[in-house]
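Letter by letter, the chains look like this.
Protein chains: 2
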Amino acid sequence: MSADSVAELIEGVLAGTPRAVARAMSIAEGRSTQATELMSEIHRHAGKAHVVGITGVPGSGKSTLVAAMTRILRQQGKTVGIVAIDPSSPFSGGAILGDRVRMTGFADDEGVFIRSMATRGALGGLARASLDIVDVFDAAGFDVVLVETVGVGQDEVDIVQAAHSVLVVSAPGLGDEIQAIKAGVLEIADIHVVSKCDRSDAQKTVNELTAMLGLGRQGGRQGTGEAGWAIPVIPTSAETGLGVEELVATINNHYAHLEQTGEMEQRQRQILEMRIIKTAEDMLREKLLRERDGRLQELLERAFNRDTDVRTAASDLLDAINGNSSDDK
Amino acid sequence: MSADSVAELIEGVLAGTPRAVARAMSIAEGRSTQATELMSEIHRHAGKAHVVGITGVPGSGKSTLVAAMTRILRQQGKTVGIVAIDPSSPFSGGAILGDRVRMTGFADDEGVFIRSMATRGALGGLARASLDIVDVFDAAGFDVVLVETVGVGQDEVDIVQAAHSVLVVSAPGLGDEIQAIKAGVLEIADIHVVSKCDRSDAQKTVNELTAMLGLGRQGGRQGTGEAGWAIPVIPTSAETGLGVEELVATINNHYAHLEQTGEMEQRQRQILEMRIIKTAEDMLREKLLRERDGRLQELLERAFNRDTDVRTAASDLLDAINGNSSDDK
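Protein sequences, first through last, are from chains A and B.
Under our numbering, the first residue of the first sequence is numbered 1, with each subsequent residue one higher.
Under our numbering, the first residue of the second sequence is numbered 1, with each subsequent residue one higher.
Wrong hints could be hidden among the right ones.
[Stated by the list, open to error] Where chain A lies over chain B, by a calculated footprint (3+ residues, C-beta under 8 Å): (1) 9 to 15; (2) 261 to 273; (3) 283 to 295; (4) 301 to 312.
[Stated by the list, open to error] The following residues of chain B were derived to be distant from chain A, with all beta-carbon distances above 12 Å: (5) A20; (6) A22; (7) T36; (8) K204; (9) S315; (10) N322.
[Stated by the list, open to error] Not the full set, but computed from the structure, chain B residues with beta-carbon under 7 Å of chain A: (11) M212; (12) L317; (13) A320.
In case anyone wonders, no lab produced these hints; they're calculated from the structure.
C-beta: ideal position from N, C-alpha, C; glycine also.
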């Protein structure tokens with residue numbers, strides 16, 4: 001892409017043109033020189049959107065809730081960008097749930113833009129790529145960006161934590177293993193949401209979360225977030241519409257709270273730090289993959305013959321990439 | 001640790017002394033100089049165990065199946081090491097399901113050794129750390145190493161793929177989102193296992209998997225693994241014991257198949273390549289974290305003020321770590 005067309009593309013993104021936004025996102029997912037050039041510019045124009053992370057175990061009803069929240073946000077006149085991180089199809093390599101489920105009802109609405117990403121398409125750079133896509137939405141002027149991931153896997157949790165407001169969705173009546181996985185993400189919530197509260201066993205889930213927050217408060221570790229935010233537990237039902245308006249109001253309150261207390265700046269710094277580290281890791285990964293037929297092949301043979309070991313080989317590989325032969329690990 | 005005691009520890013590991021094995025694993029999880037020294041030696045003594053990866057979505061009954069398989073392997077006189085990657089507790093940072101569930105019935109058996117790892121304790125180095133632990137089991141002379149992870153998240157899938165034989169466990173009657181996630185790992189199976197086949201709806205799951213493999217065969221992408229291994233679908237029930245013996249026999253057959261066709265060497269090379277890359281990434285991550293109060297802080301402030309962008313900052317950070325100030329990305 002010539003410099004002219006990068007400039008044109010950026011102009012299109014800043015104007016919020018859907019085609020330019022989609023094209024910029026496709027470029028952002030990759031690792032080309034154009035991607036670097038584009039994202040440098042985009043990043044300088046981002047920083048205005050309210051980024052909301054939504055996570056929860058499989059089956060907790062995140063996607064349905066995202067659709068319900070989007071409807072309310074649209075009624076409030078806000079534009080909504082959605083980044084949905086999905087399990088991958090083994091055949092296409094693409095996302096399975098994808099836009100198919102989520103688009104229902106928003107197909108004709110230019111104020112809603114959905115981007116699905118497959119968990120296994122990004123060659124390990126999922127966090128880097130999805131947060132670049134958040135930047136594109138932000139630069140394109142979307143008021144709210146909803147980032148939805150399954151709350152299992154380090155990358156998925158990192159992505160959600162890179163939001164200003166983090167929602168953790170719990171559902172009643174899931175199995176033991178699911179509950180254990182759920183416990184692993186409860187601590188990152190700014191707002192707890194209980195879905196499927198049209199069910200009779202939902203109150204138990206609400207009570208358990210409330211009790212957990214209460215216990216935490218005594219220990220000084222949970223219950224209130226930084227700078228005095230009382231973490232709420234909001235019962236919802238996408239079926240009946242219960243609680244969804246309250247949830248959106250609470251998200252708006254959380255944003256206001258972050259701004260008023262100065263915590264927003266702190267969060268933005270944390271997010272940027274994480275992104276710089278993830279992006280550096282991604283760049284290294286790219287360099288490593290470029291060595292596949294070179295130095296790596298040689299080290300691999302030596303490790304295979306037990307003439308070297310994994311750690312020594314890894315250290316030698318890093319040295320090779322950095323262009324020095326000394327052992328400076 | 002002095003050189004003497006590293007030598008002593010290695011001696012203990014090679015002799016299979018439980019205390020030495022446990023201690024070596026704790027060191028291996030870390031990133032100390034001792035860990036490097038220890039693992040270099042351990043790696044040279046590994047390479048004899050049959051490493052079996054077991055994955056499946058939450059609720060598919062992996063842990064129960066691992067226990068049932070272990071009982072059969074023990075009856076065959078084989079020693080079994082188990083690496084269980086668990087969701088983390090938000091409070092302890094440790095694994096939740098842990099040894100508690102799995103140890104039942106093996107507490108007095110020295111031929112079974114279980115190591116639980118928490119998904120969020122490894123600071124992003126989960127794959128590197130868990131595969132080092134497999135090496136410790138291997139060097140300690142365990143005949144079979146079972147590595148169990150939830151099949152969600154790139155790291156978890158990478159870990160299971162670093163096994164000689166990969167089992168993907170499916171269960172009947174899970175929800176839509178779970179099914180979609182399941183689809184994402186089906187392609188990595190050498191052996192499909194359907195659990196809970198005491199249930200009446202299990203045959204449907206068996207049929208679906210069989211049909212999928214048949215379809216794939218026509219397309220030349222699934223149904224048979226490399227070098228002519230016909231991927232089987234094995235119905236099991238940990239409840240009634242159905243199919244577990246057949247499953248263990250099939251795993252043994254797969255091992256023999258890998259050896260006879262020469263595919264074992266190819267797999268070992270793939271696994272080593274992945275491990276060298278993961279370990280190099282982990283070493284870089286450590287270097288990056290050491291820059292937290294240094295160069296990273298300065299780049300972060302500049303990115304926060306939009307004087308630089310994430311990618312440029314990441315590139316500058318990599319340069320700083322490598323000790324050069326030029327732009328050699």
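Outcome of the hint check:
Evaluation of the coverage hint for the segment 9 to 15 of chain B: breached, as 0 residues show C-beta separations to chain A shorter than 8 Å, against a requirement of three. Only residues whose C-beta sits within less than 8 Å of a C-beta in chain A count toward coverage, and the segment 261 to 273 of chain B has 5 of them, enough to reach three; the restraint holds. For a cut-off of 8 Å, the count of residues in the segment 283 to 295 of chain B with a CB near a CB of chain A stands at 6, and the three-residue condition holds. A count of 7 residues in the segment 301 to 312 of chain B with a Cβ less than 8 Å from any Cβ of chain A is obtained; the coverage claim is therefore met, three being the minimum.
With a closest Cβ-Cβ approach of about 19 Å to chain A, A20 of chain B is found to remain outside the 12 Å limit, as its non-interface label requires. Annotated as non-interface, A22 of chain B keeps its C-beta farther than 12 Å from every C-beta of chain A; the closest such distance is 20 Å. Non-interface call for T36 of chain B relative to chain A: violated, since the shortest CB-CB distance, roughly 5 Å, does not exceed 12 Å. Every C-beta of chain A lies more than 12 Å from that of K204 of chain B, the closest at about 19 Å, which supports listing it as non-interface.
With a minimum CB-CB distance of about 6 Å to chain A, S315 of chain B fails to clear the 12 Å threshold, and the non-interface call is violated. For N322 of chain B, the condition that its CB be more than 12 Å from all CB atoms of chain A is violated, with the nearest at approximately 4 Å. Hint status for M212 of chain B relative to chain A: violated, with the closest Cβ pair at about 9 Å, above 7 Å. Look at L317 of chain B: its Cβ gets to within about 5 Å of chain A, closer than 7 Å, so that hint holds up.
The closest approach between the C-beta of A320 of chain B and any C-beta of chain A is roughly 10 Å, which is over the 7 Å cut-off, so the hint fails.
Checked against the numbered hints listed earlier, the structure breaks hints 1, 7, 9, 10, 11 and 13; every other hint is satisfied.
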